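J.: Order-wise, the sequence lines are chains A and B.
This note's numbering numbers the first residue of the first sequence as 1 and each following residue consecutively.
This note's numbering numbers the first residue of the second sequence as 1 and each following residue consecutively.
Among the hints, erroneous ones may be present.
[Unchecked claim] What the simulated footprint calls covered on chain A by chain B, stretch by stretch (three residues with Cβ under 8 Å from a Cβ of chain B suffice, anywhere in the stretch; the number is not a length):
{"no.": "1", "stretch": "254-262"}
{"no.": "2", "stretch": "297-308"}
[To be verified] Ranges of calculated distance between the beta carbons of each label pair, as one might list FRET restraints:
{"no.": "3", "chain 1": "B", "residue 1": "Glu-467", "chain 2": "A", "residue 2": "Asp-66", "range": "33 to 41 Å"}
{"no.": "4", "chain 1": "A", "residue 1": "Asp-223", "chain 2": "B", "residue 2": "Glu-59", "range": "58 to 66 Å"}
{"no.": "5", "chain 1": "A", "residue 1": "Arg-309", "chain 2": "B", "residue 2": "Asp-98", "range": "38 to 46 Å"}
{"no.": "6", "chain 1": "B", "residue 1": "Val-472", "chain 2": "A", "residue 2": "Ile-78", "range": "36 to 44 Å"}
{"no.": "7", "chain 1": "A", "residue 1": "Asp-116", "chain 2": "B", "residue 2": "Thr-182", "range": "53 to 61 Å"}
These are computed hints drawn from the structure, not numbers from a lab.
Given the structure is predicted, the values throughout are model-derived calculations rather than measurements.
For every residue, glycine included, the Cβ atom is placed at its ideal position computed from N, Cα and C.
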Amino acid sequence: MTEPVLTFTDRGIYCPAADVFIDPWRPVDRALITHGHADHARDGMGRYLATDAAAPVMRHRLGAIDLQTVAYGERLRIGSADISFHPAGHVPGSAQIRVEVGGEVWVVSGDYKTEDDGLSEPFAPVRCHAFITECTFGLPVFRWDAQTDVARQIDDWWRANAAQGRATILGAYALGKAQRLLSAIDASIGPILTHGAVENTNEVLRAQGLPLPDTVRVTPQTDPKAYPGALVLATPSALGTSWARRFGAASTGFASGWMALRGVRRRRAADRGFVLSDHADWAGLNTAIAETGASRIFATHGYTSIFRRWLESQGYDAAVVETAYEGESIDDDGAGTGE
Amino acid sequence: MRLFTALFTRLDQTTRTNAKVDALAGYFADAPETDRLWTIALLSGRRPKRAVTANLLREWAAERAAIPLWLFEESYPIVGDLAETIALVLPDATRASDHSLTHWITTIRALAPRDEADKRAAILDAWDQLDARERFVFNKLLTGGFRMGVSQKLMTRALSRATGIEEADLAHRLMGDWTPETTSFDALIRAHDPSVDLSRPYPFYLAYQLDEGPSSLDAPPGDWAAERKWDGIRGQLVLRGGAHFLWSRGEELMTDRFPEFARLVDFVPAGTVIDGEILAWRDEFPLSFNALQKRIGRKTVPKALLRDAPVILYAYDLLEWQGADIRDRPFAERRTLLDALVASVPPEAPLRVSPLLAFDTWDRLADIREGSRDFASEGIMLKRKSAPYRAGRKRGDWWKWKVDPLTIDAVMIYAQQGHGRRANLFTDFTFAVRDGDALVPFTKAYSGLTDAEFRKITAWVRRNTLERYGPVRAVKPHHVFEIAFEGIQESPRHKSGVALRFPRMARWRHDKPVAEANTLDDLRRMLAAYG
Numbered sequence: 001m002t003e004p005v006l007t008f009t010d011r012g013i014y015c016p017a018a019d020v021f022i023d024p025w026r027p028v029d030r031a032l033i034t035h036g037h038a039d040h041a042r043d044g045m046g047r048y049l050a051t052d053a054a055a056p057v058m059r060h061r062l063g064a065i066d067l068q069t070v071a072y073g074e075r076l077r078i079g080s081a082d083i084s085f086h087p088a089g090h091v092p093g094s095a096q097i098r099v100e101v102g103g104e105v106w107v108v109s110g111d112y113k114t115e116d117d118g119l120s121e122p123f124a125p126v127r128c129h130a131f132i133t134e135c136t137f138g139l140p141v142f143r144w145d146a147q148t149d150v151a152r153q154i155d156d157w158w159r160a161n162a163a164q165g166r167a168t169i170l171g172a173y174a175l176g177k178a179q180r181l182l183s184a185i186d187a188s189i190g191p192i193l194t195h196g197a198v199e200n201t202n203e204v205l206r207a208q209g210l211p212l213p214d215t216v217r218v219t220p221q222t223d224p225k226a227y228p229g230a231l232v233l234a235t236p237s238a239l240g241t242s243w244a245r246r247f248g249a250a251s252t253g254f255a256s257g258w259m260a261l262r263g264v265r266r267r268r269a270a271d272r273g274f275v276l277s278d279h280a281d282w283a284g285l286n287t288a289i290a291e292t293g294a295s296r297i298f299a300t301h302g303y304t305s306i307f308r309r310w311l312e313s314q315g316y317d318a319a320v321v322e323t324a325y326e327g328e329s330i331d332d333d334g335a336g337t338g339e
Numbered sequence: 001m002r003l004f005t006a007l008f009t010r011l012d013q014t015t016r017t018n019a020k021v022d023a024l025a026g027y028f029a030d031a032p033e034t035d036r037l038w039t040i041a042l043l044s045g046r047r048p049k050r051a052v053t054a055n056l057l058r059e060w061a062a063e064r065a066a067i068p069l070w071l072f073e074e075s076y077p078i079v080g081d082l083a084e085t086i087a088l089v090l091p092d093a094t095r096a097s098d099h100s101l102t103h104w105i106t107t108i109r110a111l112a113p114r115d116e117a118d119k120r121a122a123i124l125d126a127w128d129q130l131d132a133r134e135r136f137v138f139n140k141l142l143t144g145g146f147r148m149g150v151s152q153k154l155m156t157r158a159l160s161r162a163t164g165i166e167e168a169d170l171a172h173r174l175m176g177d178w179t180p181e182t183t184s185f186d187a188l189i190r191a192h193d194p195s196v197d198l199s200r201p202y203p204f205y206l207a208y209q210l211d212e213g214p215s216s217l218d219a220p221p222g223d224w225a226a227e228r229k230w231d232g233i234r235g236q237l238v239l240r241g242g243a244h245f246l247w248s249r250g251e252e253l254m255t256d257r258f259p260e261f262a263r264l265v266d267f268v269p270a271g272t273v274i275d276g277e278i279l280a281w282r283d284e285f286p287l288s289f290n291a292l293q294k295r296i297g298r299k300t301v302p303k304a305l306l307r308d309a310p311v312i313l314y315a316y317d318l319l320e321w322q323g324a325d326i327r328d329r330p331f332a333e334r335r336t337l338l339d340a341l342v343a344s345v346p347p348e349a350p351l352r353v354s355p356l357l358a359f360d361t362w363d364r365l366a367d368i369r370e371g372s373r374d375f376a377s378e379g380i381m382l383k384r385k386s387a388p389y390r391a392g393r394k395r396g397d398w399w400k401w402k403v404d405p406l407t408i409d410a411v412m413i414y415a416q417q418g419h420g421r422r423a424n425l426f427t428d429f430t431f432a433v434r435d436g437d438a439l440v441p442f443t444k445a446y447s448g449l450t451d452a453e454f455r456k457i458t459a460w461v462r463r464n465t466l467e468r469y470g471p472v473r474a475v476k477p478h479h480v481f482e483i484a485f486e487g488i489q490e491s492p493r494h495k496s497g498v499a500l501r502f503p504r505m506a507r508w509r510h511d512k513p514v515a516e517a518n519t520l521d522d523l524r525r526m527l528a529a530y531g
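The following block holds chain A by itself, in its conformation from the complex (with noise of 0.2 Å):
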């Protein structure tokens, strides 16, 4: 019996052709990175490789380490394996890995999101055997809105608040959903402040060429009154802070997949709730699985185990694996994980 093209370890999903780790979560030597964020892209491993555009916000978040890059769709031989980094849509720079060996093809989908946001590198299927998928949104409750029309909700809230002479604070992860929603939305209803970790991203994301509208980073100077009917976007930690309420009377709103279900829109306590995912939602991620060819499914993290049995029901062999990563999370800082 040939050895599996990737195995499921407790440190990571693990290619033994290549010898590498796929986003492993303890250290290792040699670790492959999908994407930036916190729960995918660890400290403490030997060597890094991940895409060109990936490269800076993971410098910037881990510092001075060991860090190869590639192009997308770049082919690398590494001992008998073929890998190469395709556009997972998720946040600027995240990838899919396709892992080749001996002419079986698997693909680890990292997060993944199968709308263009217009900053992201659109996702692309791939081809392959085997797909490991994400399905943080896997389930059929999940269906997102167009961009556009999210957006334009955003638009019309913080008008609407301007009008009445009242800032506007919204919740969006630090890396990806703050640096999208800024792309999407209207630059011209008024002035636009962002908290100091989303601005640390955006710097870095607009030293390699993305385009971001201006904004003005909130310092402990900055006085809120010299910016009337302005847009902040501040991470979800600092709602209902203290940071927040230099603010004022300010509307408050948040951006993620999960204000999709009422009961977690109102345990947010914030006014307002917008659909926004870097996750793909119900529809998406089941055209991404057929669009893959693949007959072997792991699903990841999610509603891995209701996802599975919807995946078998459809004719998939379809397995669940236990990982460390996260998926969107409401809860946490968003300096870096979830989204």
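Knowing the structure of chain A, use the given hints to seat chain B on it.
T.: Same frame as chain A, but now just chain B:
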């Protein structure tokens, strides 16, 4: 339905009380009159009867969404709400319409006697012309569980603003046995005549919890009356015009469930309204809440049950006397009248007065409170002697000073994801006590931890799952929690032989290893002492 859905959305989008009152007051000013009345009915718990079973709705929704029924069933507990789950899985509508709220409620009510095929056709037709939000509201009307994050009190305030009628007056008008079919907005709100409705109760006055002990109160012991706090059902007995009506705190008419009270018409003069606690009662002592529980939820009562769990009204206040509303008089005065009234009733009548406790210092009262469990009581009620009987939950004059809960240190052995607002966290846990080397599950608990603690335990559960049984995960027996509860009963249905009342997680005992958790013997000792 657009106006009502917009109201619902506005209420749902804010956590600010003022914004909610604004939204409601605006709606009460603009909406068609019948829609207004239905909205009042919905917000005061008067829902249309369920015309279609939840099972059929699930089947039709799954079918329309082209997903297998099991997948719908798996999604439902995660969303936590049937109406919402249906609204989320259905494909987009193919056309639009704008019928009134009353139209849709009338449509739903008309479905009750129809056959399944007709119901199905009508529901699918409705789903197909409502947008996602309207559909959710429509499904809420269908399934009956209508909650809009608006208390009746808040609704009354908004209605008061829209009509200029005083809040307390409105609260009184809105009580009782009306439905939008039996009245009109004008009859109910504007042209109201109290004499037309003999059954109408008064709004209950609800006590606040006293957290810091009575020495934190603004007046000395002599200004307060104290009674035991009874663990029964709060009830208001209305005796007018030769008839009697028994109301629950949830404004539910319970008269038929407790036929014992019919005899009081012979002993108590008409024009009397008594506030008190319904207790199962034997040999001049309250039976456990368990005995009373058998009587709850039964519309009619078999003879055997009447014999095994007879009830009395343990009276503690008099709201109407000789046909006059006396709620403005001081508590001490009302209480004197009540004592005289009850003393005039023969002992075979199911009416007693909840005794006042004699105390001169707070320390003395604290001693009395310690003995609460011996009287099957939950603690002490404190009432300001000079206070009127107020409407609703108002701080200041009535306080409940409950005994500390019973506690036991238990080991977490199973975890399950929460639903609704806690869908992405593990929040539902099963706890065990030690029995030699074995762990015996004895209770579940869902509440008591902070959000931060729930996040922490969720991360831990993910990494320490031993086995999965559907949604339930067996976890490594490692964490010890202090479980607080209000009572303990023998229960042959449970493996441990006990059932707890109001169990919750009081503390995460990081300091305790599993070997120091309590044992089954400890639990049995508690049962012997307090069961």
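J.: Could you run down the list of hints and mark each one as holding or not?
T.: Hints, one by one, checked against the model:
Counting residues of the stretch 254-262 of chain A whose C-beta sits closer than 8 Å to any C-beta of chain B gives 4, which meets the bar of three, so the coverage hint holds. For the stretch 297-308 of chain A, the stated coverage by chain B holds: 3 residues have a C-beta nearer than 8 Å to a C-beta of that chain, and at least 3 were required. Checking the proposed 33 to 41 Å range against Glu-467/B and Asp-66/A shows it holds: the Cβ atoms sit about 40 Å from each other. Judged by the Cβ atoms, the range 58 to 66 Å given for Asp-223/A and Glu-59/B holds: they are separated by roughly 59 Å.
At roughly 40 Å, the beta-carbon separation of Arg-309/A and Asp-98/B lies within the given 38 to 46 Å, and the hint holds. The hint said 36 to 44 Å for the Cβ distance between Val-472/B and Ile-78/A, and at roughly 42 Å that hint holds. In this structure the supplied range 53 to 61 Å holds for Asp-116/A paired with Thr-182/B, their Cβ-Cβ distance being about 57 Å.
In this structure, none of the earlier numbered hints is contradicted; all agree with it.
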